[in-house]
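Knowing the structure of chain F, use the given hints to seat chain B on it.
Chains as they are written, first to last, in the working numbering: chain F, 1 to 213; chain B, 1001 to 1062.
No lab work stands behind these hints: they were computed from the structure.
Warning: the hint list may mix true and false statements.
Each pair of labels, with its calculated beta carbon distance range [said to hold, decoys possible]: (1) B:D1019 to F:A83: 20 to 30 Å; (2) B:E1007 to F:D86: 36 to 46 Å; (3) B:S1056 to F:K148: 16 to 26 Å; (4) B:V1023 to F:Q38: 14 to 24 Å; (5) B:L1010 to F:V178: 28 to 38 Å.
Facing chain B, from chain F, some residues (calculated, C-beta under 10 Å) [to be verified]: (6) H84; (7) G97; (8) E100; (9) S166; (10) A175; (11) G201.
A short, non-exhaustive set of chain F residues, derived as facing chain B with CB atoms under 7 Å [to be verified]: (12) R66; (13) Y67; (14) P196; (15) E206.
Where a beta carbon is used, it is the ideal one built from N, C-alpha and C, also for glycine.
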Amino acid sequence: MKLVVIGAHLERVDIEPVAEPLAVGDLWLSGMPVADDQPLGDRALLLRVAQTRASLLDRGTFIAIRYGFTAHASSDAMTKCAAHLDRWRRTLQECRGMVEMTLKVAAASPQARPDRHDFASGAAYFRALHDATQAASIDPLFREVVEKNLTPLAVKHRWSNRDNASLELALLVRAESVAAVNDAGAALKRDFASVPFLLSGPWPLEVFADDHE
Amino acid sequence: MSDENDELSLLETLDHLLDRGVVIAGEAVVSIGDVDLLYLGLNVVLANVDAIIRTSQPKRIK
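Same shape as in the complex, but just chain F (with noise of 0.2 Å):
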C-alpha cells in the first residue's frame, strides 16, 4: 500500500477518520491509502482525493500538497519532506484558521496561445508561452473595486497572472470571512456583468503555503 498523500498538517486530530495520518516529524501528513500498482491518474481517485481535501479543510487549516506525492511510511515520507518541515510549522502556526479563496478573471484581451509546432526549440517556446501569460491584463475598472471592496477582506492578497488567458487574485482569510468574501463576490458578479470571472474556495493553504522562503 502506498499513501496519496493530501496536505500538512499541525494536529492529528484535524486528519483522523477524514483520511490517514503520518507522521513526520512533529507534524502530520494527510493521505489516502491506495494499492501501490495504483495508476495516479485515474479519474475516480482524483474524485476522491478531491471530496478528502475538502473534507480535511471542514476540520482544519492545512497545506496542500501537490498531487502526485506518495510515501509508504513515515521514514520515506520523512526523508522527503525533511527541508520543508520548520516552514510549515510556521505557517500553519501563523495562518491556524485561516484559508485561501480565489478569484478568477477571464483577461479582457486575451493573448493567443503559442503552438509548440512554431518553434524551433523548447526554450524558445516556453519564452513565447511566459510572455503571453505575463501579457493577459483584466479590465482595470473591474481591478480597482475588486481592490476596493475584495482585497479589504483578507489578511494577504496577491495577483497573479496564470495563462494567456486569465489572472488570479489569491486572497488569504479568515475562516469566519468566507461568506464576506462571497458577497463581496456577488456584489461583483451584479456590477459586472459582462466580465467573466470565478470566486471558489475556500481551499487548503496553497499560494500561500510557500512565504516563509
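Here is chain B on its own, set in the frame of chain F:
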C-alpha cells in the same frame, strides 16, 4: 445552467488539486510519471477559463 455550474466547480476543483500546493522537490513529476495526467492538468486549466466565459454569457431565449 446547473450542469454548467457543476462542470465549472469540478474543473476548478481539479485545477486546484493538480496545479496548486507545495511540490515536494523532485517528487511530483516522478510520482505522476503519467503523461496522460500531465495533459489532463493542462486541459483542465484551459477548459476552466472557457467554462468561466461560457457560464458568464447571458442565455438566449428561443
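Each hint, compared with the structure:
1. Checked against the hint of 20 to 30 Å, the C-beta distance between D1019 (chain B) and A83 (chain F) comes to roughly 22 Å, which is consistent with it.
2. With their beta carbons about 41 Å apart, E1007 (chain B) and D86 (chain F) fall inside the hinted range of 36 to 46 Å.
3. In this structure, S1056 (chain B) and K148 (chain F) meet the distance hint of 16 to 26 Å, their C-beta atoms being roughly 21 Å apart.
4. Checking the proposed 14 to 24 Å range against V1023 (chain B) and Q38 (chain F) shows it holds: the Cβ atoms sit about 21 Å from each other.
5. Taking the beta carbon of each, L1010 (chain B) and V178 (chain F) are about 20 Å apart, not inside 28 to 38 Å as hinted.
6. Because the smallest distance between the Cβ of H84 (chain F) and any Cβ of chain B comes to about 7 Å, under 10 Å, the interface hint for this residue holds.
7. The restraint placing G97 (chain F) at the interface with chain B is violated, with a minimum CB-CB distance near 19 Å, outside the 10 Å limit.
8. Checking E100 (chain F) against chain B by beta carbon gives a least distance of about 9 Å; that is within 10 Å, so the hint holds.
9. Contact between S166 (chain F) and chain B, as hinted, is supported at the beta carbon level, the nearest pair being about 5 Å apart and thus within 10 Å.
10. Given the 10 Å rule on beta carbons, the hint for A175 (chain F) is violated: about 17 Å separates it from the nearest Cβ of chain B.
11. A cut of 10 Å between beta carbons decides the hint on G201 (chain F): the least distance to chain B is about 9 Å, and the hint holds.
12. Satisfaction of the interface hint for R66 (chain F) is found here, the shortest Cβ-Cβ separation to chain B being roughly 4 Å, below the 7 Å cut-off.
13. Because the smallest distance between the Cβ of Y67 (chain F) and any Cβ of chain B comes to about 5 Å, under 7 Å, the interface hint for this residue holds.
14. For P196 (chain F), the suggested interface contact is upheld, since its CB lies about 4 Å from the closest CB of chain B, less than 7 Å.
15. A least Cβ separation of about 4 Å between E206 (chain F) and chain B falls short of the 7 Å threshold, and the interface hint therefore holds.
Comparing the model with each numbered hint stated earlier shows that hints 5, 7, 10 do not hold.
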